[in-house]
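There are 2 protein chains.
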Amino acid sequence: MEFSFVKGGTAACWILEREAYTGVAKIAKKVCGDTQLVTGVCPEIRLNPAGCAAPVIIGTLAHSPLLQQLEQAGKADFSAIRGKWETFSFQLVSKPFAGVEQALVIAGSDKRGTIYGLFHLSELLHVSPWVRFGDAVPQKQTKVTFTEKDNFISKEPSVKYRGFFINDEWPAFGNWTFAHFGGFTAEMYDMIFETLLRLKGNYLWPAMWTSSFTLDGPGEENARLADEYGVVMCNSHHEPCLRHSEEWDKVRGENSPYGNEWNYYTNREGLLRYWHDGLQRSGKYENVITIGMRGERDSSMLGPDATLKQNIDLLKDIITEQRRLITETVTPVSGEMPQMLALYKEVEAYFYGDKSTPGLKDWDGLDGVTLMLCEDNFGNMRTLPTEALRGHRGGWGMYYHFDYHGGPVSYEWVNSSYLPKVWDQMTEAYEFGIRDIWVVNVGDLKFQEYPLSFFMDLAYDYEKWGSKNLNAPEEYLQSWVQREFRALPPRQKTLLADVMRGYTKLSHNRKPEALRPDTYHPVHYAEAERVLRQAEGIKEKLEFLKQNVPQELLPEFWELVYYPAMGNLNVLELNLYAGWNHFAAEVGATIANDYAEAMKACLARDRALTETFHHLLGGKWNGMGLSEHIGFTHWNDEDCRYPVQMSVEPAGKPRLVGYVAGEGTCTSGGDWTGKPLLMRQFLEAGINTGSFVLLNASAAPVAFTVDCDVPGVTFSKTVGVVSKREEIQVTVNKTLLPKDSSFTVRYTGGNLRFVLCADYAVLPQCPPKTFLEAGGLISIEAEHFAACRPGNGGAFTVLPAYGKTLSGVKALPCTASFTPKTAPCLDYAVRTTGAGVWTALFYSAPANPPESGQNLSFGLQVNHEETQTVTLLPEGYDAGNPACAPWCEMVLDQIRVTPCRVSLQDGINTLRVFALDPGFTLEKIVLVRSTDRLLSSYLGPQETYFCE
Amino acid sequence: MEFSFVKGGTAACWILEREAYTGVAKIAKKVCGDTQLVTGVCPEIRLNPAGCAAPVIIGTLAHSPLLQQLEQAGKADFSAIRGKWETFSFQLVSKPFAGVEQALVIAGSDKRGTIYGLFHLSELLHVSPWVRFGDAVPQKQTKVTFTEKDNFISKEPSVKYRGFFINDEWPAFGNWTFAHFGGFTAEMYDMIFETLLRLKGNYLWPAMWTSSFTLDGPGEENARLADEYGVVMCNSHHEPCLRHSEEWDKVRGENSPYGNEWNYYTNREGLLRYWHDGLQRSGKYENVITIGMRGERDSSMLGPDATLKQNIDLLKDIITEQRRLITETVTPVSGEMPQMLALYKEVEAYFYGDKSTPGLKDWDGLDGVTLMLCEDNFGNMRTLPTEALRGHRGGWGMYYHFDYHGGPVSYEWVNSSYLPKVWDQMTEAYEFGIRDIWVVNVGDLKFQEYPLSFFMDLAYDYEKWGSKNLNAPEEYLQSWVQREFRALPPRQKTLLADVMRGYTKLSHNRKPEALRPDTYHPVHYAEAERVLRQAEGIKEKLEFLKQNVPQELLPEFWELVYYPAMGNLNVLELNLYAGWNHFAAEVGATIANDYAEAMKACLARDRALTETFHHLLGGKWNGMGLSEHIGFTHWNDEDCRYPVQMSVEPAGKPRLVGYVAGEGTCTSGGDWTGKPLLMRQFLEAGINTGSFVLLNASAAPVAFTVDCDVPGVTFSKTVGVVSKREEIQVTVNKTLLPKDSSFTVRYTGGNLRFVLCADYAVLPQCPPKTFLEAGGLISIEAEHFAACRPGNGGAFTVLPAYGKTLSGVKALPCTASFTPKTAPCLDYAVRTTGAGVWTALFYSAPANPPESGQNLSFGLQVNHEETQTVTLLPEGYDAGNPACAPWCEMVLDQIRVTPCRVSLQDGINTLRVFALDPGFTLEKIVLVRSTDRLLSSYLGPQETYFCE
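Going line by line, the protein sequences match chains A and B.
Here our numbering is used: the first residue of the first sequence is 13, the next is one more, and so on.
Here our numbering is used: the first residue of the second sequence is 13, the next is one more, and so on.
Chain A extracted, bound-state conformation (with noise of 0.2 Å):
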């Protein structure tokens, strides 16, 4: 049975019965215009099948007569949905009705189950979620047709509550729909609200700074329209009661029935009224009610005197006190009236008590609320349900950042998560048990689009893109680029995928408004360089991309890729060349005035770009892109700062300075000063080949010979003129080079005396996976691992992708907890040449203990010594708190390197890592003989040799 949605120029007519949901018949138009922007047609809707030969139904069961009828005639069976939460049938009927042929049918279990199944014919038409929000526009077809092969029944969503929250809306979200819609009003919100749906989301925080959602549709237009779509609103964490932030400001007064105090001891008559004509007003749509009382603007409510005791009591008054006004003013939906208490900052603690205080988590006042838990703001899980408390009725929430405005830095921006983060976290937050609410802060909602359309399909479809499936992020990426840029040829869907996953991991490492001209260090294991070929790699890509990417595509294509990532790879390289002009300028070479005029144009493209946007599709998204971007200060913008461009004037003599490349020791002195440049890298086995730099520090050209007689050594030139800088590479044959030979570079005005430091003219025999000492150092990537040993209920497991190199290492399952004498571990097999003390380096996820007031460990054995306790978080260690010095560090930096000391006997050493708490994730251990130093560096020393 072939059914002809669209053929030879005509649609299927669509019916929707007079007892279909408005919302419903709204979206039904929606996905007529999908129809008609895929094949030209747009399907005329009618009451009722009558006169159509192959009608697609619509129908929510319970208001759809026609359903009933064909379920009645057993033409259609909809025992598979009905009672589920938001499912649809997707069917082929044959003859469903007297002189009906044939039929497409698409029941829903409730109206968003037949919104959803709407929408899932616009995904097979390959209409993109982002059709109206990214300006996606699908492949053109003549002719649409299903078989039964399309027959779909959908499976309940994932996560009950799943949507995002718009937030920080000044100046971009907020100047962009005053200029277009005339305010936070209805006629934007439809956008908001159509976008939401076609992610199969169902829950929104609508934007609160300077709007008030119940009061600018205009009236309750917005309020209307979201519970006409099914969309269940919320309120943030701070906004009780369906009431707004701002609306307070509205209606307090001395005069005031509401009072003018937000202080529950002093207003209490007053804030109750206030909450109850809320609830009286907004309780007639369908909501997610927020309990609990927070200061003003996210503040805490009791002074600093206030006991713990206190502030838990006045806090169960005010939710019994809210809960009853709830019972009494609102009618609920079906079942229990939905309530949510954000357990954020200061709530957290009187959730949990303390030794001698029982806290909320106690109390039965909280039965059938849901509680929702935040992360660190940064992307990182904190505190989850603890093995007893998974049972709350009620469940849980969390709320999650892909933007956020707070300390230490805030980012709102553009994207900067990266899926393999927001996969693990968020698939730990699923495995403990946070399945009722899902909420994402995409901010803007602009540009968050890639990790956002994530979110909402992991929400929905964990079976598929769940803790089970450990290549998801990948796999994601690879559907995604398949959805939205369906049209492009393999080759350049390869590219944008590459790009997707460069600058996103770039951007995962340091958010861009985190990187300063010292983040990654201009010259240390030449990171900044090998980071700048990572960064123009993509944008070669990206390039390619802009200029063949069909003119029909290049909208969705400049908003949902280009722009994204340029924009943050623009910022990067910025900030590669202001460290290499401070690093030049800093040591008085000639070239910093270079790599100033380097960072000139990229402040100019950054405003090209945002300008280039603003012009987009006739001025679309005008305002948009209004968002500071470059060089936080501190939390807020008002002192953002551009990088300081350094100049230098030359010396008036001629003056060379030369370092090792990757080693930033600089000098200009004969080698009578004392300061011979090492060159270390040849300690490292395979490695036969490095360089040397050459920086002019003079206003001429200046004219240098290499001079060595050392045999086994070669250079790439040895006679040359520095203008403004020379990199000589340097070829050793270890067989023949003599220990402690060394070669002098001459020029008028002086000369530089280079070392040669060598090692492993033969390699030694040694077990596979086995590092070998590079000079007191040694680097290993987590997955490197010689053995890893399952343990009792776990076993570490590789994170493709995961972390700031090349992967993670993390015991699954991830809510397990081990002991030393169960746990799973990973052996790591290093040689060094002679016994010493060594710092061992861990680098690790910057995780947060998942259980309130817990530290995160792991064990560490060393060949057969005692197995030690590693904890990871400092004393005071407070995720979340802008106060809290390494938090702020550890989630800017996206890593926690815990150094402890080890000894090391001479030859082949293992050390065994045990999984211990929940959260760890190892991606990277480095280790430095005591007599050595580490260079300062964003990546730490890139992986050295081990054998094969």
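What the hints contain is simulated information worked out from the structure, not anything from laboratory work.
A hint or two may mislead.
Which copy? The list can't say, so a pair holds if one copy fits it or any two copies do.
Unchecked claim - In silico lysine-lysine, DSS-like type, Cα no more than 27 Å apart, as pairs:
| id | residue 1 | residue 2 |
| --- | --- | --- |
| 1 | 321 | 367 |
| 2 | 687 | 357 |
| 3 | 296 | 38 |
| 4 | 736 | 612 |
| 5 | 736 | 687 |
Using the hints, position chain B against chain A.
Same frame as chain A, now just chain B:
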């Protein structure tokens, strides 16, 4: 009786007998030259007075039959000078011989006495000692006559050997002498010897890098000429037995009779032969012979594993052998052969030994040897002879520095020494018994004319300039200006003295080589602005003088005044502008770019100054200006860096950065960012005006208004436009001003709130010299004590103009130690509002303890509490050791700041400071309440209000 020296175009003829020293004859010719320069007439020199009616008779006792004849005839009496060291008589004798009417008789007790007598004549002719090396041009006189009033018997010099060390002679002196004299030749040294003798010096350490005095004359001509002139040669501390450092490399070798190793263990015979031959070659000239031995090129001789005793024993053996060689080889000019052992670096430790190992001081092998001490290379005395050692036969010498090549930072360019400090330290040396040798490192000699003049005059006439004359530095300055620039009108002399006093104070506070952009804080306490104002004041005077000084005086003015002063001030301004450049760049203010231009102008001026100098007088000094002098990053110059010029890209929207003048906290953020700008200056009594600054961080000018409704506040403007920078003065009437007032600066894009903190609407009644708390701060100049109480055997005395700010206060006599019970003391009165804990910071001179292994301390009593002993030196302190960070910081900063916690009561408190150890010189006391915080600065906060 009037003696016509030159009259009516005729000069008296000069009589120099055949018996006269050839050196005296040569000097006589030079003084004839002086006479011609002044009068246009050159006297004729004859062998006898026959035919001269009124001759000038010049002779040395025991080398002049004429003098003998005069004395025998009772015409003259030389008993006052006979047998004395370097004395002369200058007297008119009536009818000395038959047919001779009168004579001017210049008689020397010895060769140098006669020479000084001749230069006394030059002095009377107002010919500067710098006539040759400083291009001084004396005033013309047509008539010179003398009367009995000019009769003069000179005193013996205060210090036996007085001279300087030409050192660190590359690149300046070396290039200069090669260009003009073909090397370090006698032709050049003639100029040096003459200058030394004109300065009444007698002792020289010759240049020693790429130069060997006794080989370069050519041949022995240098040594021969020195001897002829009576210049006593010596070598620097590590060149024993009349051998030069560079000589060794010329004669050493596997087949050399001297062997190849500069190692007394392995090459004893060779070295002894080397020294023997040196003594034999040069011992015939007048020398102070260096003994002892150090490793090659200023390093220690034995390895680090040798014990103290091994080192001492080795040195004893060396010295014994060297002294034996001297006795065997050298015939002393008179009495004992003068010998010198430098107690420098490690040799000092060998001298003092330790508890279990007697040092050289307890050995009789040094009897008769002058022991040479050295300050810390930065002008601060180190160990001085203890009372027990002062009687050492052979006496003591001091090696002082106006120029130094070494850590932490070399200073070899122009004068940066300050007479009050030189006076204080060299009188201390003298009082501690160092009276046999004074030698000062003058680097290239050029540009050290001013401090060297003082050094030589102090050494020659301690009675006049020494410790009894507290005002000697200022008096000397006046007399020096008079001596060098006699021809200037008084007003210009005053300006010139202001220039010398002013620039040397600034360069004393921070040597130009050690200036950094962050030396003076660009904002705190407005110190950079105050320093710039000083520098500009001096520059105005300099430019006025340059325009007005008579043409013939311009060369000397340029060399002795203009270049050193302008050079210093220009490098200072460069760094001040760099400080502002960096400060402005870091807050994103576009005025940074203007400061960068100012930096460029300073660098251009610096180059132009050297250019001009090199072209002066037809290139006479070409090469002498080549020393590096900007931005030393360590001791040697190869890593010198010009200050980095930072430039700023303006923000894309209006942005003002505000701060309170004198207080560097900057913000662009509105009130709600929680960063109000506090105007705390009004917390000080007597302060009713202050200002705040607005910097523009955006491209276009930004209009602002000042919004203030507080009574008692007026502004220099309340509306305006900030193009780059606006400073707005605020005047308050404290009696009207309400507590916690504030005002707001508004502009498109933000607003800035300033809070007015004020105190002392009514002044409290206090005794005179009581300092009032100024908002947690009290700053006291040391001389503003409330009482000065003498102790047993000494009293605190104000050293005018001493130190970094106003003056110093030091217990004199400087050799005295005190116990707390007998110590002199100073009382300081401070009135606080509210009891509390304070940090008292004692700013004292960067002195070192005069006794080896001791600390420096003073006593401190707060109100009636127990007196505490405050020690100034941290553990491991090692004066003169560039590896000792506290010492390095102190010598560059020219101050030592010692913090003490003190508890002060509400109301008036007394801080009593007791002298304990010699060397402690107090400059300033700053008190900060523990709840407040001192702003970083170079000079500390300015003195705060005290009751008159």
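Hint by hint, here is what the structure shows:
1. 321 with 367: within (12 Å within a copy, 67 Å between copies)
2. 687 with 357: The answer is between: 23 Å across copies meets 27 Å, while 53 Å in one copy does not.
3. 296 with 38: within (20 Å within a copy, 118 Å between copies)
4. 736 with 612: Cα proximity of residue 736 and residue 612: in one copy and across copies (19 Å, 20 Å).
5. 736 with 687: within (22 Å within a copy, 44 Å between copies)
Consistency note: the structure conflicts with none of the earlier hints.
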